[in-house]
Amino acid sequence: MSKIIEGLYYSESHEYVRVEGEFGFIGITDHAQHELGNVVYVDMPEVDDEVTAGEEFGAVESTKAASDLICPVSGTVVEVNEALEDEPGLINKDAFENWIIKVELSDKGELDNLMDAAGYKAMIGE
Amino acid sequence: MADEIKITCLHDKHVALGALMSPFAGYDMPIQYNGIETEHNAVRKAVGVFDVSHMGEVRITGPQAEKFVNYIFTNDIAGAEVGKVFYGMMLYPDGGTVDDLLVYKMGENDLFLVINAANIDKDVAWINQQAANFDVKVDHQSDYYSQLAIQGPEAEKTMAAVLNIDCSDLTFYTHKEIEYDGETIIVSRTGYTGEDGFEVYASAAVIMKMWDMLMAAGVQPCGLGCRDTLRFEAGLPLYGDELTAEISPIVATLGMFCKLDKEGGFIGRDACAQQKAEGSAKKLVGLELKDKAIPRHGYEVLDGDKVVGYITTGYRSISCEKSLAFALVDRAVGALGNELSVRIRKKVFPATVVKKRFYQPNYKK
Chain A
578 MSKIIEGLYY SESHEYVRVE GEFGFIGITD HAQHELGNVV YVDMPEVDDE
628 VTAGEEFGAV ESTKAASDLI CPVSGTVVEV NEALEDEPGL INKDAFENWI
678 IKVELSDKGE LDNLMDAAGY KAMIGE
Chain B
246 MADEIKITCL HDKHVALGAL MSPFAGYDMP IQYNGIETEH NAVRKAVGVF
296 DVSHMGEVRI TGPQAEKFVN YIFTNDIAGA EVGKVFYGMM LYPDGGTVDD
346 LLVYKMGEND LFLVINAANI DKDVAWINQQ AANFDVKVDH QSDYYSQLAI
396 QGPEAEKTMA AVLNIDCSDL TFYTHKEIEY DGETIIVSRT GYTGEDGFEV
446 YASAAVIMKM WDMLMAAGVQ PCGLGCRDTL RFEAGLPLYG DELTAEISPI
496 VATLGMFCKL DKEGGFIGRD ACAQQKAEGS AKKLVGLELK DKAIPRHGYE
546 VLDGDKVVGY ITTGYRSISC EKSLAFALVD RAVGALGNEL SVRIRKKVFP
596 ATVVKKRFYQ PNYKK
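Just so you know, the protein sequences line up as chains A and B, in that order.
Numbering-wise (this note's numbering), the first sequence opens with residue 578 and increments by one.
Numbering-wise (this note's numbering), the second sequence opens with residue 246 and increments by one.
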């Protein structure tokens with residue numbers, strides 16, 4: 578059974594957003610890392626890149642396959658988690674602790690389109 | 246029906262082991278049990294067992310069996326000793342590849358062909374079509390044979406200790422028939438991993454029993470996931486990626502398995518000879534990236550801004566710890582050491598042309 582954290586926003590494509598003030602920390606869920614297996618590479622955007630809700634912003638890759646990252650919200654990338662460049666497997670250790678990008682949110686109203694913990698839990702059938 | 250998913254005799258055992266199952270070549274096959282890396286490393290460092298019962302088998306006998314197989318097969322089996330195994334291809338007249346396969350010499354005018362699961366229907370039709378002008382009997386035996394591959398540096402020890410089969414007399418690419426549980430089975434020193442190892446062909450009953458013995462002895466079950474990473478590192482082609490109806494063995498740089506000068510020639514011989522003499526337009530090469538980004542099947546290969554080819558297989562190599570790929574590129578840019586690049590999603594990464602054999606195989610010759 579995967580870990581799900583209360584208070585985060587979840588997308589259907591298994592990304593989460595942890596909101597702190599005007600910023601959102603975006604990563605993949607514990608369920609997603611489990612399905613993917615050992616993460617061997619994370620393709621991340623660069624600081625100052627614009628990201629758009631519903632659009633691809635990178636990829637998480639296991640030996641088996643590349644899985645596109647779909648941005649749950651729009652905004653500007655203010656930080657990328659550089660630790661993942663050297664140690665992508667951190668996502669397997671703790672997917673919620675090891676976020677992928679930090680975004681300055683351009684429209685907090687977009688959060689309403691995402692699921693809460695209970696909704697996500699129901700979606701993945703746990 | 247072609248659309249109906251098939252299963253091997255070990256299917257229920259895979260499911261019980263908790264394997265991730267996925268359709269491959271019409272069969273519901275195990276992709277991984279404990280993770281691709283774990284299974285890959287077991288084969289490189291110790292031993293692992295694969296269910297490869299999906300592979301196809303065709304037995305060819307009759308007064309012209311050797312002559313016939315030599316005519317549809319690129320390698321040369323003429324006059325070979327009984328017990329030899331050959332790797333090669335069947336080609337279309339234009340040099341495109343029907344399939345790559347193993348040919349076992351079982352006896353005089355008695356050959357056993359092992360073909361790819363995805364190509365069974367096509368290959369059997371092709372063989373039957375070509376056989377019309379020869380005095381041979383073509384016996385499709387895929388429904389009878391199940392198959393295990395026991396691979397890794399400890400494979401010989403495992404064959405002896407767990408299955409009670411002494412393989413010390415088998416050299417690389419030879420086989421023998423032995424009596425096992427009241428039936429005749431085939432054991433060969435062959436594989437698809439770049440390690441020493443064996444392949445066993447037997448009835449479902451024997452293969453199921455062997456599998457249980459191997460599991461009880463703690464041998465790592467290995468799925469098709471690591472079968473692909475292992476063969477890739479060892480520079481071995483996969484039909485559908487590195488060999489296709491459009492990719493000849495000359496293009497795939499497998500010319501050493503095409504005996505252009507053998508007596509009687511073979512189907513596709515003239516096309517291969519021409520490609521070899523004139524230089525084919527495309528060539529399969531190895532690529533090494535300095536970055537960790539992973540080149541995957543279908544990604545574009547660039548020379549400057551110009552698209553010069555595509556990736557056929559690519560991985561973050563487990564044993565070499567590098568991002569590596571096979572790529573089909575314009576011959577003009579395929580020289581060793583040449584600097585190209587690969588488009589991976591939105592970015593372009595530099596890549597150097599290197600030898601395709603990324604990992605030096607440890608065969609016991």
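Please note that the accuracy of each hint is not assured.
[Said to hold, decoys possible] List of simulated lysine-lysine pairs, PhoX-like, C-alpha gap at most 25 Å:
1. B/K537 x B/K551
2. B/K592 x A/K679
3. B/K537 x A/K679
4. B/K567 x B/K591
5. B/K592 x B/K312
6. B/K610 x B/K402
7. A/K670 x B/K454
8. A/K679 x B/K567
9. A/K698 x A/K685
10. B/K567 x B/K535
11. B/K551 x B/K329
12. B/K312 x B/K382
13. B/K251 x B/K454
14. B/K609 x A/K670
15. B/K567 x B/K421
Calculated directly from the structure, the hints in this document are not laboratory data.
Since the model is a prediction, treat every value here as computed from it, not as a measurement.
Taking the hints in turn, this is what the structure says about them:
no. : hint            : verdict
1   : B/K537 x B/K551 : 23 Å, holds
2   : B/K592 x A/K679 : 21 Å, holds
3   : B/K537 x A/K679 : 22 Å, holds
4   : B/K567 x B/K591 : 21 Å, holds
5   : B/K592 x B/K312 : 53 Å, violated
6   : B/K610 x B/K402 : 16 Å, holds
7   : A/K670 x B/K454 : 38 Å, violated
8   : A/K679 x B/K567 : 29 Å, violated
9   : A/K698 x A/K685 : 23 Å, holds
10  : B/K567 x B/K535 : 8 Å, holds
11  : B/K551 x B/K329 : 46 Å, violated
12  : B/K312 x B/K382 : 13 Å, holds
13  : B/K251 x B/K454 : 21 Å, holds
14  : B/K609 x A/K670 : 39 Å, violated
15  : B/K567 x B/K421 : 38 Å, violated
The earlier numbered hints that this structure contradicts are 5, 7, 8, 11, 14 and 15.
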